[in-house]
Amino acid sequence: MTENKAVKKMIGNVFNDIADAMQTGQFGKKARIGLTTLGSEHGVETLIQGAEMAAQMCSDYEVILIGPKNDTKFQTIEVNEEEMMHKTMEKLLEDGTIDACVTMHYNFPIGVATVGKVFTPGKGKEMYLATTTGTTSTHRVESMVKNALRGIIVAKACGIENPSVGILNLDGSRQVERALKELNSNGYPINFQESMRSDGGCVMRGNDLLAGTPDVMVQDTLSGNIFMKVFSSFTTGGEYESMGYGYGPGIGDGYDKTVLILSRASGTPVVANAIKYAADLIKGNIKEVAKREFDLARAAGGEAILKSLIKGTQKAACDERDKEVTAPPHEVVTGSISGIDIMDLEDAVTALWKKGIYAESGMGCTGPVVMVSEAKLQRAIQELKEAKFVAQEADPC
Amino acid sequence: MSYAVMKGAGYILVHAPDMVIHSGTTQIGEKLGNPESEYLKKLPNHLRSYEKVVAYPPNQVYIGNMKPEELRGYEMPWHTHEVESADRFGKVGEIMPQDEFIGFLKAVDVFDLVKLNKEFTKEVRGKLEKHPLMTEALIAKIKEGEEQEDIDQFINNHHAEAIYQDHKIVGCVKRAHETDSNLNAHIMFENLVAKASGALSFMNLIAKNDIDVTSIEYVIECSEEACGDMNQRGGGNFAKAIAEVVGAVNATGSDTRAFCAAPAHAMIQAAALVKGGVYENVVVVAGGATAKLGMNGKDHVKKEMPILEDVLGGFAVLVSKNDGVNPIIRTDLIGRHTVGTGSSPQAVITSLITAPLDKGGLKITDVDRYSVEMQNPDITKPAGAGDVPEANYKMIAALGVKRGDLERAEVATFAKNHGMPGWAPTQGHIPSGVPYLGHAREAFLNDEIKRAMIVGKGSLFLARMTNQFDGVSFILEKNDGLTEEKPQGISEDEVKSMIGEAMKDFASHLLGK
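Those sequence lines, one after another, are chains Y and E.
Going by UniProt numbering, the first residue of the first sequence is number 1, and it counts up by one from there.
Going by UniProt numbering, the first residue of the second sequence is number 1, and it counts up by one from there.
Just so you know, the hints here were simulated from the structure itself, not pulled from any lab data.
Quantities reported herein were computed from a predicted structural model and do not represent experimental measurements.
Even glycine gets a Cβ: it sits at the ideal position worked out from N, Cα and C.
Where hints are given, some of them may not hold.
To be verified - Mimicking DSS-like on lysine-lysine, the simulated pairs with C-alpha atoms at most 30 Å apart in a straight line are:
#, chain 1, residue 1, chain 2, residue 2
1, E, Lys298, Y, Lys257
2, E, Lys504, Y, Lys9
3, Y, Lys291, Y, Lys125
4, E, Lys504, Y, Lys354
5, Y, Lys307, E, Lys402
6, E, Lys275, Y, Lys5
7, Y, Lys385, E, Lys303
8, E, Lys416, E, Lys402
9, Y, Lys8, E, Lys416
10, Y, Lys354, Y, Lys376
11, E, Lys168, E, Lys298
12, Y, Lys291, Y, Lys87
13, E, Lys31, Y, Lys376
14, E, Lys381, E, Lys402
Unchecked claim - Covered, in the sense of this in silico footprint (three residues per stretch, anywhere, with C-beta under 8 Å from a C-beta of chain E), are these stretches of chain Y:
#, stretch
15, 4-13
16, 155-161
17, 332-339
18, 359-368
Using the sequences and the hints, build the whole thing.
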């Protein structure tokens, strides 16, 4: 009964949407994109003109300004100070007043980095730069692997079903390639792009940067930031960033805000393009795509691959220590010893092994215990006391 | 199908000082092996009075008059404190004195095995008549009592188990069979205690939560006793026996056994039966164990403490069809320790806690309260077994750091923010996860918490059938009201697509194909 009611409701909603579309000429809800207008080196006017250009380009979205009062037709949330402006932006995103926001000089938490989009001069092809601001990790190789995932997410959300990925030939690129190939063979499919150069390979050269060979170019964030600036301002001599879509959205595992970054040197066309970029991401369900891709990468053993990149000296030392102590021959263990701190339990087991007493760790209803054979119980308790693990015979449940 | 809910709980304690001496295995063992021991001589002087037991803070928590978190306001050892104007009757239960319980033992005995002397019978009938939950029918079953000489005969010549009150013999439990050791007087006594304390818990559940006992369709009993005879040693059925005592005329039931993890297993089974539409109201119930009384007595007496394991415990919980109000039982996020899991604490806690959280896309910190083995540390610490809830919380926090759900700095405060101090008596299955259910329900209804996890564990090696440990866990969540559910298997996008196709089809007819 309730199932029928719910289906009816769905069908009713769809017909309502169709009727709205017929009457207004617009299908689907308009994305609401915020634009903060303080902080540009070129002044508030440059940003506002960017909003006007964006509105003219396309009517799929609505622009809301966050900044000082102005006499445009845009809805403006009045703020006159930068820190307040960012706080207001966060609030409007949280309560759903805006779906995404374009801003500048905004700090993301660690793990979130932005994926920019540029026009490449070779054939005018668009290319995503993963990443252009933000830090995904303090470890260089790990951060580039994470950047690659973010680039793929954004490209997919913008409609590229199977984006090609190229790793720029920088320090660490070979390890990044290995890690991504492992992820690919574990079940997270990555479409590796071959270089345009005659010797091929999926590591990209400078030529590929200009030719826009892959859909997604992977590099460390500092380099990505440089490329972003070069690609957007090489025709203007550097002062005014006039081309491209800006530094892009901040993407992170569990980060659920859609915030796109501009630089203080971004010019009007970049502002307009960034607004359109934001609207495309909303239409493409960036939040869902991000969650889906992060989950898929995790399922393909992403965490383990990243861990293995970071050489753990501790782990190596631990392995060495464990190799020294092997368990004595297996015995039936029904004597239990409690009172040992849970974090020391495994050490207690190893300590008994060293004394030739077979032991196992366990956790039943009375907390953590070390199990030994009944015959060796008293001796084991004594040994543990001497080794300074507090030990006592445990109660049978 | 929507989730089952936890609709109410009842918790009882029975003060049993004489049973400590005569039925606790630590004491029985000592009598056999070392009958002149100092411990046995000192023991009677370390038994608490009923008033002290009622005023003992953890006991007030157990029956629902105080919240577990309030114990943090008392400096340990807690046995040096008394709760002011402590009531023997609690929000969700009661603390019964031993004499009333012995009378009740006779009332639940349908095979005339319990014999009480005339004087004691008269006294205790008078007391039970004042008890709010004892019906006339139940009290009538206590009858008039026997002559003390007959009772002495049973004990001295017919292997009956003596029943003591204030160190005097006031009755006995007869053996139920001349030769079958499974029906000897000692076992009959233990089983009748389990039955009676279970029934009392059930009665409190019904009375304190305003439940119609005839609406109960199924009972799952989950203590650790076995009732049967030599041909079927653990046949059962405590559940049905308890259902009969409390008047659950529309219920049948069965016993679930899993050492201390049994209550958690039973809760999951009950939730599954309700969610699957088999029954609408299932009660999970268990009484206490006389064997465990005074288990750590030697350490307590040695440290000049009173015997703190002087109460039997019991609980009963009602699991019902979703009513849009009570907390739901997330049967889709069950943790279980499997044959392949391994025995180390990391493996155990991973399988029971982090695995179901991962399944639900939840972080360790998304659970407001973890109810693990809530043994009273006042009892366990002097006995050298440490603080069991704390040890559990430490391991959960450590795993949380490893997974990145917690910062290292948050480990020290994890027990305070997501756990509770222990308060339940060491009655095996009794402290295992379930003592928190009554408190949790209240916390959910008062919007204090949104999510709790109940964890039960068991040490199976004790029966010498397997070396495995065992455990299961389940998550309770705030009920967000009976929302209309999305039908399975169809989304709005699919509906849009189908309508689009249909309209194109329609259009093509108009356009003459």
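(message) Tell me the numbers of any earlier hints that the structure contravenes, in ascending order.
(response) Of the numbered hints given earlier, those the structure breaks are 1, 4, 9, 16, listed in rising order.
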